[in-house]
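Enquirer: Sequences are here, hints too, so could you generate the full structure?
2 protein chains.
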Amino acid sequence: MTETPSGTPTTVSLPDGPALQQLMGHLNGSPGPRVVPGRSIPAPTSVSAAMQQAIAMPYRNNEWLLNPPDAAGWNAAIANLAQQSSPQIEKIVEKLDVRVESTTIAGVGVFIVTPPQIPAANANRLLVNTHGGGYLFNPGRASLLEPAVIAAACGITVIEVDYRMPPDHPFPAASDDAMAVWKAALQMAPPANIGLCGGSAGGGLALSTVLRAKNEGVALPAAVAVQTPWCDLAAVGDSLKVHEWVDNILVTYDAIAGRGASLYAGDEDISNPLLSPLRGEVSGFPPTMLISGTRDLLLSQVVLMHRKLRKAGVDADLHLVEGASHFTYFIDPFAPESQDIFAEMALFWDQHLGS
Amino acid sequence: MTETPSGTPTTVSLPDGPALQQLMGHLNGSPGPRVVPGRSIPAPTSVSAAMQQAIAMPYRNNEWLLNPPDAAGWNAAIANLAQQSSPQIEKIVEKLDVRVESTTIAGVGVFIVTPPQIPAANANRLLVNTHGGGYLFNPGRASLLEPAVIAAACGITVIEVDYRMPPDHPFPAASDDAMAVWKAALQMAPPANIGLCGGSAGGGLALSTVLRAKNEGVALPAAVAVQTPWCDLAAVGDSLKVHEWVDNILVTYDAIAGRGASLYAGDEDISNPLLSPLRGEVSGFPPTMLISGTRDLLLSQVVLMHRKLRKAGVDADLHLVEGASHFTYFIDPFAPESQDIFAEMALFWDQHLGS
Numbered sequence: 001m002t003e004t005p006s007g008t009p010t011t012v013s014l015p016d017g018p019a020l021q022q023l024m025g026h027l028n029g030s031p032g033p034r035v036v037p038g039r040s041i042p043a044p045t046s047v048s049a050a051m052q053q054a055i056a057m058p059y060r061n062n063e064w065l066l067n068p069p070d071a072a073g074w075n076a077a078i079a080n081l082a083q084q085s086s087p088q089i090e091k092i093v094e095k096l097d098v099r100v101e102s103t104t105i106a107g108v109g110v111f112i113v114t115p116p117q118i119p120a121a122n123a124n125r126l127l128v129n130t131h132g133g134g135y136l137f138n139p140g141r142a143s144l145l146e147p148a149v150i151a152a153a154c155g156i157t158v159i160e161v162d163y164r165m166p167p168d169h170p171f172p173a174a175s176d177d178a179m180a181v182w183k184a185a186l187q188m189a190p191p192a193n194i195g196l197c198g199g200s201a202g203g204g205l206a207l208s209t210v211l212r213a214k215n216e217g218v219a220l221p222a223a224v225a226v227q228t229p230w231c232d233l234a235a236v237g238d239s240l241k242v243h244e245w246v247d248n249i250l251v252t253y254d255a256i257a258g259r260g261a262s263l264y265a266g267d268e269d270i271s272n273p274l275l276s277p278l279r280g281e282v283s284g285f286p287p288t289m290l291i292s293g294t295r296d297l298l299l300s301q302v303v304l305m306h307r308k309l310r311k312a313g314v315d316a317d318l319h320l321v322e323g324a325s326h327f328t329y330f331i332d333p334f335a336p337e338s339q340d341i342f343a344e345m346a347l348f349w350d351q352h353l354g355s
Numbered sequence: 001m002t003e004t005p006s007g008t009p010t011t012v013s014l015p016d017g018p019a020l021q022q023l024m025g026h027l028n029g030s031p032g033p034r035v036v037p038g039r040s041i042p043a044p045t046s047v048s049a050a051m052q053q054a055i056a057m058p059y060r061n062n063e064w065l066l067n068p069p070d071a072a073g074w075n076a077a078i079a080n081l082a083q084q085s086s087p088q089i090e091k092i093v094e095k096l097d098v099r100v101e102s103t104t105i106a107g108v109g110v111f112i113v114t115p116p117q118i119p120a121a122n123a124n125r126l127l128v129n130t131h132g133g134g135y136l137f138n139p140g141r142a143s144l145l146e147p148a149v150i151a152a153a154c155g156i157t158v159i160e161v162d163y164r165m166p167p168d169h170p171f172p173a174a175s176d177d178a179m180a181v182w183k184a185a186l187q188m189a190p191p192a193n194i195g196l197c198g199g200s201a202g203g204g205l206a207l208s209t210v211l212r213a214k215n216e217g218v219a220l221p222a223a224v225a226v227q228t229p230w231c232d233l234a235a236v237g238d239s240l241k242v243h244e245w246v247d248n249i250l251v252t253y254d255a256i257a258g259r260g261a262s263l264y265a266g267d268e269d270i271s272n273p274l275l276s277p278l279r280g281e282v283s284g285f286p287p288t289m290l291i292s293g294t295r296d297l298l299l300s301q302v303v304l305m306h307r308k309l310r311k312a313g314v315d316a317d318l319h320l321v322e323g324a325s326h327f328t329y330f331i332d333p334f335a336p337e338s339q340d341i342f343a344e345m346a347l348f349w350d351q352h353l354g355s
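Line by line, the protein sequences are chains A and B.
Position 235 of the first sequence, counting from 1, maps to 235 under our numbering, and the rest follow consecutively.
Position 19 of the second sequence, counting from 1, maps to 19 under our numbering, and the rest follow consecutively.
Where hints are given, some of them may not hold.
Copies of the same chain look alike in the list, so a pair counts if it works inside one copy or between any two.
[What the hints assert, rightly or not] Dumping the calculated SDA-like pairs for lysine to any residue here, alpha-carbon to alpha-carbon at most 20 Å:
{"no.": "1", "residue 1": "Lys214", "residue 2": "Gly107"}
{"no.": "2", "residue 1": "Lys308", "residue 2": "Thr45"}
{"no.": "3", "residue 1": "Lys308", "residue 2": "Ser48"}
{"no.": "4", "residue 1": "Lys308", "residue 2": "Phe334"}
{"no.": "5", "residue 1": "Lys183", "residue 2": "Leu211"}
{"no.": "6", "residue 1": "Lys183", "residue 2": "Leu220"}
{"no.": "7", "residue 1": "Lys311", "residue 2": "Ala346"}
{"no.": "8", "residue 1": "Lys311", "residue 2": "Phe334"}
Keep in mind that the hints were calculated from the coordinates and are not lab data.
Expert: This is how it looks when you write it as structure tokens:
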């Protein structure tokens, strides 16, 4: 099945209009898999011009297709990608006017990101964020996109955990680092005033840090907000197929996401809830905000996590961004839809954190 | 473009694995529409066996492809479909053991659907539901699926509005009927104890009834729950394309949904918020629960409505069912995922209705 196709999916001759409908009705006329024709899907008109542009962005072929043969290759690729993304991230950090302090907490590298203005109600509040990047990418200052956007939008100081990553440091290094910083943060502000957040892989890490704190009898965050969290390292969720090739960030689970899962898990079974928090016991979780997008490859994982939290009686809210693939609202954090979802997050902290 | 295709979407030769990834990366290598290959998407393993079966169900070709040439043809098709669905609906009504009383309120045909047990807290609570069916289908007892499921799951009496529909009665007949019953319901229980709900077209009708009550100075419901509401009659929302051919109930907006929109609107502009509540002014809305599914053709409309309500400061909650197309949780209301979402609705009423 690897012969060169005579055409491309866009040039295959299909009938259109009523004839296509009849054909599809026939192909889907008995129980079984859903047969879907090749399509060209435009960026929707139901979003702002800025969000349309983010949705129309090409696949990031320098990232999702990466497949170096060995650890040295991975390290080079990770460093290269960090360097490529650096100018854009530094520009956003500057535009948002946040102050960035690089330091060490409990032996773990962190960035303390302070917004230009802190409302009085937020003076004694603190957020801890674990960045995304498939458990592989965004070391060092490449991790600053999320905390800069969140600090600026929410008016709260954010500690960004520059946790250790594969290939050199598979699980449990990242979990250990997040946990160490979490415990230290509990000495920096009243627990009732501290929120935990994280995006993508960092969203999974934030959720698993709550599971771990529960298990170890450590104080939980007062609230948790996760941005398109990667909740299960296995290929779990309908959207992995429905949004395959539609999501322009992750594209397909069989590429960088699957490789990140393997490299992060190392010798550990991916069914361990600290790797796949969707399999954890979530009763007693604090109020939790879950964000995803209607094109997110991980939408189903976010939805399944939301249902699981709700069934456990947790005050959990789901918010979706129209047309957004995985993380699109961080790709253009200034699009009106992105600003809306970060304003929602600011409100969430205000409602659930003590002051 | 209507020549017979030499193959079908499933037999087109595409490379797979790395070669397919390279091809797709190339085809999506510059800004523009998303190019997605033809696919066969299995029912997910992330849901119960019952929900898997509902997701794997064939298209309902006797419904979404309907296109009679005239009013008489529509009336015959609508009656025929009601007759076809009757045995299944009556079976569910019987299984749920609800009592159904057919009567008239304010000149409008209604069914009063009473659950077998009413918890003490619900004795003075009341729900008004406007059923789905594209503003075309489910007249008379064919409307009983929703109120039976909701009454049984929530333990609250439901008044189902058997509103007039096209082709004989286009807008504003349905809106007038819903409004007349809503006003009458306000005399049957304290407004603080009454919730308004509706599914699909009836979800749009429920939302537009709130808009109309606001405009006319009539008391609003204490809470609103809408099941995959049709919030805009125009082709609004990214999921209309992304979930085209994936949703096995509506399939595509260019078939029965679009025809229902035209027939319902009649001579009215579809941008009227009473037809397309997504265009309405929603400040002051009561707490609102919005339900959809990850394969719902209308997912984007539900998400856009949720964002609009949130931006207006409304206490609005979004809940999605994994793998569900438009209305799948009513197709098999006994699947665990359906029971979960109706339990969520029961909790919602309990939290927001007075007793």
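Enquirer: Now, for every hint given, state plainly whether the structure supports it.
Expert: Evaluation of the provided hints:
With identical chains, the CA atoms of Lys214 and Gly107 are never at most 20 Å apart, being 22 Å at best within one copy and 58 Å at best between copies. For the identical chains of this complex, Lys308 and Thr45 are inter-copy neighbours only, at 16 Å across copies versus 33 Å inside a copy, given an alpha-carbon limit of 20 Å. Taking CA atoms no more than 20 Å apart as the test, Lys308 paired with Ser48 passes between copies only; the shortest distance there is 14 Å, against 33 Å inside one copy. Taking CA atoms no more than 20 Å apart as the test, Lys308 paired with Phe334 passes between copies only; the shortest distance there is 18 Å, against 32 Å inside one copy.
For a Cα distance limit of 20 Å, the shortest separation of Lys183 from Leu211 inside one copy, 14 Å, qualifies, whereas the shortest one across copies, 49 Å, does not. Taking CA atoms no more than 20 Å apart as the test, Lys183 paired with Leu220 passes inside one copy only; the shortest distance there is 10 Å, against 48 Å between copies. Taking the shortest Cα distances, Lys311 and Ala346 sit within 20 Å of each other only across copies (13 Å), while inside one copy they are farther apart (25 Å). Taking the closest pair of Cα atoms, Lys311 and Phe334 come within 20 Å of each other only across two copies (17 Å); inside a single copy the shortest separation is 35 Å, beyond that limit.
In this structure, the one hint that does not hold is number 1.
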